[in-house]
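Let's have the full structure, built from the sequences with the hints guiding it.
Number of protein chains: 2
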Amino acid sequence: MLPGPTNVPNRVINAMLTPMINHRSDDFRKLYKDIVSKTQTVFETSNDIVVLTTSGTGAVEASVVNLIKKDDNVIIPVNGEFSTRLADLIDNYGGKTIRINSPYGQNPPIEKIEEAFENNSRIKALYVVYNETSTGTTLRYLSKLGDICKSHGAFFVVDAVSILGGDELPVDKWNVDICFTATQKALAAPPGIAPISISKEAKKYMIENPPPSQYLNLKRYFKYYNENYETPFTPAISLFYAYQEALNIIIEEGLENRIKRHTRCANAFYSGLEALGYTPFAEPGSRSNVVIAVKYLTGIDDKKFRELISTKFKVLLAGGFGELKGKVFRVGSMGEVSSYHVMRTLSAISSSMSILGVPPIKDGLSVANDILSK
Amino acid sequence: MLPGPTNVPNRVINAMLTPMINHRSDDFRKLYKDIVSKTQTVFETSNDIVVLTTSGTGAVEASVVNLIKKDDNVIIPVNGEFSTRLADLIDNYGGKTIRINSPYGQNPPIEKIEEAFENNSRIKALYVVYNETSTGTTLRYLSKLGDICKSHGAFFVVDAVSILGGDELPVDKWNVDICFTATQKALAAPPGIAPISISKEAKKYMIENPPPSQYLNLKRYFKYYNENYETPFTPAISLFYAYQEALNIIIEEGLENRIKRHTRCANAFYSGLEALGYTPFAEPGSRSNVVIAVKYLTGIDDKKFRELISTKFKVLLAGGFGELKGKVFRVGSMGEVSSYHVMRTLSAISSSMSILGVPPIKDGLSVANDILSK
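Going line by line, the protein sequences match chains A and B.
Per our numbering, the first sequence starts with residue 1, numbered consecutively.
Per our numbering, the second sequence starts with residue 1, numbered consecutively.
Everything labelled a hint here was simulated from the structure, so no lab data went into it.
Errors might be hidden in some of the hints.
Each pair may be met inside one copy or between any two copies, as identical chains are not told apart.
[Unchecked claim] Restricting the straight-line Cα-Cα distance to at most 30 Å, the calculated cross-link-like pairs of lysine-lysine (DSSO-like) are: (1) Lys325 to Lys223; (2) Lys69 to Lys295; (3) Lys219 to Lys327; (4) Lys33 to Lys295; (5) Lys303 to Lys362; (6) Lys314 to Lys150; (7) Lys314 to Lys30; (8) Lys312 to Lys33; (9) Lys112 to Lys173; (10) Lys112 to Lys33.
Here you go:
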């Protein structure tokens, strides 16, 4: 139950048994075209799609090196490990971040973002980490930011690494210029490749202003895809097959159903955990549907708790990052997550609490079960 | 019979069926430590090893962004597509290449490299593409370059993407500071990850002078490995399992036996193809043991020939790159390559020649068979 890599369905794992093909062959072109088309469906976009052979961080970096030049002003809300990393990366590459800091677990009011646009001229882009995996916090007003960017002539970049496929993110409807994710999170494929969508305007900019990078140079990816449905460098072919199968599963379930399932499981987790005595780390209205972070109860030691639940109940939970280390635990509720996973996880947490001498306040399992049965 | 991705043994493909694990777990740490140790065996080095989740090009770029700073002088022999790309990349990142150009298929005399060191002060590094995949040309005096670099206080960087595991490259003995390859070539694993070795001196430099990049920042990889035997970003776990099994196969065969097998198959290819009437593209003494490139005979059309041999004989051959397009064809003779592959390929080439009305001059198959039987 980690926030990635998540469990991968057998169908997806088995797809990797497909024999190796040449990445300059019709077999590969067919595979890549199909992946691009199905990724467009899942991203709800008609934008160009590039699939990088990297982890999510490679896609994050591609979104920066292809767009941000020296002294470009970039607005970015910062409230956790991953938004801090992204802001640092933009600065490393010579950009000038205007950071809208808010306490971990909270998002800044949208007015702060609007103010930043008004108080600064020539904003090149707004970067947003949609779901802050380190704190289980989701930016719930994401849908409104695309229009703000548009009216200020800024690019809108959404880091959707841990969330895409598990929550709403209609790229075209929300006017997102660059959106990227990684396959090992809510898409439930193995790690190693990262899809990115790029709007016409962003693509035009990237083609006219290519970065020094070869490997992350999206201009090259556009060229190879447009001319031949290929990637410029050898792709991780086995992982492409796996990702294709993961996309098939998503499309079979239907994106709407899939998001509903994630929301239902998250609601059951939050209510069940609250009944057990926990407080979610994220404030109401900012709670993630894919990463559930709650504060530890007094008397429960992080290391002991997670070791116990792992060895005795075979359930893996994640701890906190940086300043949250030892203060929160996190449950990945994404990808294949179902009633079974929610109930088994809550049951393991509940039993572990009793073993550690901090018994649950209420019966979290029946609370969760009620929500799951609706 | 392509110069990568090569055929992958079933044992290696099946290793990808191992269930997904957490990349922050002991299971992963054990896997990564084992991969690092076995990569050291295959690279013949005690240097640090980093395994990137990228194609070979990602490793090429990592070798540049972590070492080359603005206005650094870099000597590089250029005689093909991949050495040109590498030289361009160094310049893109602000380095100043001193290019020792030689005609495609030839290597410059070693004196030219020595002269470049003498005629230029403050040389930061010598970069060498050991095997130029685009032309089937190998730099046969590589063993001598490490000492030249050492005496001039320059780093020695070897791009061994298409060759490592198929020809001699004892990293420590030859004083190579940075050496990298990709898994889908002579190592016979699927594409998507790229191992790099880094000497103590190069590591020290990289730690003191980290680049703006996050994803290719080797300092981060050193830290995560030294502290926890982990990678800083989510690795392509399934491909790590596959690569581990590919390394097991190499170690079972023995590196020396493996290189002998590659040399024997290459000799059989060259002699067999010459008997059929072809001239190798690379000059004698520079011919690759892993990529066999020969000039087309008059009357044989590249496209027709490779289509015929692919559809009728199920043998895939590669064409030429850039200015060599239509002028040469290339055979990947690497990884699993055996007598069977050599004979089947030569037989298919021989038959296709007859079908296209340009029959073989001599019986290339018996010539090759004699060499393979020795």
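How the hints compare with the structure:
With identical chains, the CA atoms of Lys325 and Lys223 are at most 30 Å apart between copies only, with a shortest distance of 19 Å across copies and 44 Å within one. Proximity of Lys69 and Lys295 under a CA criterion of 30 Å is satisfied in neither setting, with 40 Å inside one chain copy and 45 Å between copies. When the C-alpha separation of Lys219 and Lys327 is checked against a cutoff of 30 Å, the pair qualifies only between copies, where the shortest distance is 29 Å, while the shortest distance within a copy is 44 Å. Taking the shortest Cα distances, Lys33 and Lys295 never come within 30 Å of each other, neither inside one copy (44 Å) nor across copies (34 Å).
Taking identical chains as interchangeable, the C-alpha atoms of Lys303 and Lys362 lie at most 30 Å apart only when both belong to the same chain, with a minimum of 24 Å there against 73 Å between chains. In this assembly of identical chains, the alpha carbons of Lys314 and Lys150 never lie at most 30 Å apart, being 48 Å within a copy and 53 Å across copies at closest. Taking identical chains as interchangeable, the C-alpha atoms of Lys314 and Lys30 lie at most 30 Å apart only when they sit on different chains, with a minimum of 19 Å there against 40 Å within one chain. Within a single copy, Lys312 and Lys33 get their C-alpha atoms only as close as 45 Å, which misses the 30 Å cut-off; across copies the closest is 27 Å, which meets it.
Within a single copy, Lys112 and Lys173 get their C-alpha atoms as close as 23 Å, which meets the 30 Å cut-off; across copies the closest is 60 Å, which misses it. Taking the shortest Cα distances, Lys112 and Lys33 never come within 30 Å of each other, neither inside one copy (41 Å) nor across copies (47 Å).
Checked against the numbered hints above, the structure breaks hints 2, 4, 6, 10 and satisfies the rest.
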